[in-house]
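Enquirer: Now for the letters of each chain:
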Amino acid sequence: MQTKKKRITRTVAYVLLTIYSIITIYPFLWAFLASFKPYSEIVRIGAPLFSSNMSLTNYQYIFTQDPMFPHWIVNSLFIAIVGTALNILFNSMGGYALARLSFPGRRTLFMVVLVCIMVPSQILLIPNYLIMKAFGILDSYNALILPSAINFAYIFMMRQFFITFPKELEESAQLDGLGRMGIFFRIVVPMAKSSIATQGIFVFMGFWNDFMRPLLYITSENKYTLTLGLQSFQTQHGMQWNYIMAAAMITILPIIFLYIILNKYFMTGMRIGGEK
Amino acid sequence: MARSSERKRDITQAAAFVLPMLLVLLIFTLFPIFYSLYLSFNKVNLVGDVSYNFVGFKNFTNAITDERVIIALKNTLKYVVVVVPIQSILALVLATVLNSGIRFQKTFRSLLFIPTLTSSSALTLIFMFIFSLNGPLNSLLLDLHILNNPINYLNDQGSVMWAIIVMNIWSTVPMFMTIYLSGLQDIDSAMYEAADIDGANMFQKWFKITVPQIAPVTNYVVMMGLTSTFQLFDQPYIVSGGSGGPNNATLTLSLVIYQYAFRQFGTMGYASAIALLLTIAIFVVSMIFRHFSSENVTGEGR
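Line order of the protein sequences matches chains E and Y. The opening residue of the first sequence carries number 1 in this note's numbering; numbering runs sequentially from there. The opening residue of the second sequence carries number 1 in this note's numbering; numbering runs sequentially from there.
There may be inaccurate statements among the hints.
Stated by the list, open to error - Computed beta-carbon distance windows for the label pairs:
#1 E:S220 <-> Y:I70: 33 to 41 Å
#2 E:I23 <-> Y:S189: 25 to 33 Å
#3 Y:P150 <-> E:M191: 54 to 62 Å
#4 E:M181 <-> Y:I70: 49 to 57 Å
#5 E:Q60 <-> Y:N219: 44 to 52 Å
#6 Y:V211 <-> E:K5: 19 to 27 Å
#7 Y:I70 <-> E:M118: 21 to 29 Å
#8 E:I23 <-> Y:M191: 27 to 35 Å
#9 Y:L19 <-> E:K167: 20 to 28 Å
#10 Y:D143 <-> E:V74: 39 to 47 Å
#11 Y:S286 <-> E:L253: 31 to 39 Å
#12 E:R7 <-> Y:V93: 14 to 22 Å
To be verified - Here are some of the chain E residues that sit facing chain Y, going by a computed Cβ distance under 8 Å:
#13 A13
#14 L124
#15 R180
#16 T227
Don't read these hints as lab results, they were simulated from the structure. Predicted model only: the values in this text are computed from it and were never measured. Beta carbons are placed, not taken as given, at the ideal position from N, Cα and C, and that holds for glycine.
Input sequences plus hints: build the corresponding full structure.
Expert: What follows is the structure, encoded as structure tokens:
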């Protein structure tokens, strides 16, 4: 009786999860397959998921015929990589200082960081536009990288990590005559590898997927990021779904690739999210 | 003497660690907060050099009577009120099912995570096709004879916001589910074993143990949901090409702020005032929720 009930519950669980997974995956599967189809085949009502006409033509077109698309890939890569490197460096250094170093105003600074985690980005966008206008850095990579060069949530995360970090190692390194910077880069950073990987992935994803900041701060088409460029496919070519889907796949696939090889860190990141 | 020089060295070293963070913090977060406050009380003119004319509370009084702001507020509230509860509950239910000791837990979890990885820009375009006249959704509903004629969901003012709601619930549930899942794994299994001995059924266990035990995670999930839903921008912008149409049906507060700040001349100060009101609204709603939840949901008080 008990086991029969259990078996039914389990079956229901599998059915629910399978249905929900299909709902979740279907749009991606559809878009992925559409990216290989000619336009006429995509918009034909009732067309099957698979077609005999699949080819790499759409990809070929956006890479070789579209004058801007390759620029957008380079822009997105540059901004995401440099932005992530700065975040990792600054957030870790800041978090370390808040956890370990003594300087006047440390408590205040920590409180400010905690408050800043909760500040919605909506209130910063307009003043930052004017500030960057004054600095003359609008419509440049700097406009997307500099204001996002630190992330308060990850400064906090690094601080929490370093505070539980055993002091003895650092003390013995100090006796060996290593300065603070030396201790930090040679001893602390290597031990913090997994926290750094976790924040790195999420920061990278934030830069790569951001839509609003490029929309507000970038005006020249050759400086667009992929997310912004993707939208201009709508007007440039009408609604040419075949190119849109191929371009969308180019934005999605690198992150999925990262996700597959660094899965462990993605899951740690979600865990930390829940404990914040 | 030696002491004070050592202290000095400590501070110089700390400065090197803190300086980059401090600079970005001051220039791009703290100063902008005060600057934004200043902008809210001025009429800002961007042509040539930026100029400011103090207008007192006029931007705020205009905002609360502006028809577009009121429409945007209604649309935003509808979105928040529908999305936050549904995404939180659905996420917890799915996490519970996933945590019920089934096989392939990792496979399901990994598959379901994919929307979290995808940019709003790409996702919205994919969904715009799915919801389009000859898209898969219409095909399916026509095949099942639920519809007789295809519906143009995104050009219909009655359905377009619902399409965005469905899409966003679809795309955020997996992330919250993953957060819930790690919380569920921390619940002491002895509690469930004790309940089994008392003969509690699945639903009793869920309501009496899971829901109260997971309350801190729920707090986090709802707070995160509130802040992000109140700021909805990308999807309505992309679907409507920035207009908030058809007939203002996708006009959200963030979109109104964007339009006044960047699409219209001379209303940047006004847009700042609306942004400030939105920020205050987010804070107030979060505070109310926090107050309410710490007293009632955990059942422990604080």
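Enquirer: It remains to establish, for every hint, whether it holds in the given structure.
Expert: Hints versus structure:
A hinted range of 33 to 41 Å holds for the C-beta pair E:S220 and Y:I70, which are about 36 Å apart. Separation of E:I23 from Y:S189 is about 30 Å and conforms to the stated range, judged on CB atoms against 25 to 33 Å. Checked against the hint of 54 to 62 Å, the pair Y:P150 and E:M191 passes, with Cβ atoms roughly 59 Å apart. Remark: the range hint 49 to 57 Å for E:M181 to Y:I70 is upheld by a beta-carbon distance near 55 Å.
The supplied range of 44 to 52 Å is met by E:Q60 and Y:N219, whose beta-carbon atoms lie about 50 Å from each other. Between Y:V211 and E:K5 the Cβ separation comes to about 22 Å, which falls inside the hinted range of 19 to 27 Å. Restraint check, Y:I70 to E:M118: a C-beta distance of roughly 27 Å satisfies the suggested window 21 to 29 Å. Take E:I23 and Y:M191: their Cβ atoms lie about 32 Å apart, and the range 27 to 35 Å holds.
The given range of 20 to 28 Å is respected by Y:L19 and E:K167, whose C-beta atoms sit roughly 24 Å from each other. For the pair Y:D143 and E:V74, the supplied restraint of 39 to 47 Å holds, since their beta-carbon distance comes to about 43 Å. Between Y:S286 and E:L253 the CB atoms are about 36 Å apart, so this pair conforms to the stated range of 31 to 39 Å. Distance hint check for E:R7 and Y:V93: the Cβ-Cβ separation is about 21 Å, which falls inside the suggested range of 14 to 22 Å.
Satisfaction of the interface hint for E:A13 is found here, the shortest Cβ-Cβ separation to chain Y being roughly 5 Å, below the 8 Å cut-off. A hinted interface residue such as E:L124 counts as satisfied when its beta carbon comes closer than 8 Å to some beta carbon of chain Y; here the least separation is about 5 Å, so the hint holds. With a cut of 8 Å, the hint placing E:R180 at the interface with chain Y holds, because the nearest CB-to-CB distance is about 4 Å. At a threshold of 8 Å, the smallest CB-CB gap from E:T227 to chain Y is about 4 Å, leaving the interface hint in force.
Figure legend: structure checked against the earlier numbered hints; every hint is met.
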